[in-house]
Amino acid sequence: NAGVTQTPKFRVLKTGQSMTLLCAQDMNHEYMYWYRQDPGMGLRLIHYSVGEGTTAKGEVPDGYNVSRLKKQNFLLGLESAAPSQTSVYFCASSWGGWNQPQHFGDGTRLSIL
Amino acid sequence: GQQVMQIPQYQHVQEGEDFTTYCNSSTTLSNIQWYKQRPGGHPVFLIQLVKSGEVKKQKRLTFQFGEAKKNSSLHITATQTTDVGTYFCAGRNYGGSQGNLIFGKGTKLSVKP
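As you go down the protein sequences, you meet chains F and E in turn. Residue numbering for the first sequence follows this note's numbering, starting at 1 and increasing by one per position. Residue numbering for the second sequence follows this note's numbering, starting at 1 and increasing by one per position.
A few of these clues could be false.
Derived list of chain F stretches under chain E, where covered just means 3 residues or more per stretch with a C-beta under 8 Å from a C-beta of chain E [stated by the list, open to error]:
#, stretch
1, 10-19
2, 39-52
3, 94-101
Taking lysine-lysine and the DSS-like style, the derived pairs with C-alpha atoms no more than 30 Å apart in a straight line are [said to hold, decoys possible]:
#, chain 1, residue 1, chain 2, residue 2
4, F, K9, E, K36
5, E, K51, E, K112
6, F, K57, E, K108
Don't read these hints as lab results, they were simulated from the structure. Cβ atoms here follow ideal geometry from the backbone N, Cα and C, with glycine treated the same way.
Isolated chain F (complex conformation) (with noise of 0.2 Å):
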């Protein structure tokens, strides 16, 4: 079982560049979710969805925009790239609501230049 799968692992960018990540999930899990874990502050949700063709904003959406088009598959896309989202990036899966353990991916380690 391969759980919670994240591509590309590392990726380094320059400021304005776009870029697409991906999660997959073969749990057939409901809700999905993707944070962002920066020195010291722990993790901050960023966007969230509930089922295939939903999605809703977290703590911190801005500069961020998501979309899951399929049960299996939550992309976060960053389409003009700053400094200030040099991040580890997590998403997460849970069978049901927030009232369920999350299943976390591997994290992508992006740098912005």
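Knowing the structure of chain F, use the given hints to seat chain E on it.
Leaving out everything else, chain E in the frame of chain F:
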């Protein structure tokens, strides 16, 4: 907005010593979850507490949820080098517009052999 404060930020212990991390919320929580993140790894779900005054144990780990459901603690007895990592709590508001899980900033535990 809802905040989940976690203390201490860092804890250095000698192997065999006990360790405790505390999580405090300004609002009543419906549930609280605990996660562990090993260095370079991703958060892994440990446990969820839901009931007022609840106490749960996992081998050397003891988790408590306060009577008022505003605070929680994780206690590790006789730490081992395998306990190294960052421990996060995550809580959700009780009632009304519950919103998403809010993660604390974590307590980073180092264990000296």
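How the hints compare with the structure:
1. Coverage of a stretch by a chain is defined here by at least three residues with a beta carbon nearer than 8 Å to that chain's beta carbons; for the stretch 10-19 of chain F and chain E the count is 0, and the condition is violated.
2. Only when three residues or more bring their CB closer than 8 Å to a CB of chain E does the claim for the stretch 39-52 of chain F stand; here the count is 7, and the claim holds.
3. Only residues whose beta carbon comes within less than 8 Å of a beta carbon in chain E count, and the stretch 94-101 of chain F has 3; three or more means the coverage holds.
4. Restraint check: the Cα-Cα separation between K9(F) and K36(E) comes to about 20 Å, which is no more than 30 Å; the hinted pair holds.
5. As the CA atoms of K51(E) and K112(E) are separated by approximately 35 Å, the hinted pair breaks the 30 Å bound.
6. Between the alpha carbons of K57(F) and K108(E) the distance comes to roughly 29 Å, so the proposed pair stays at or under 30 Å and holds.
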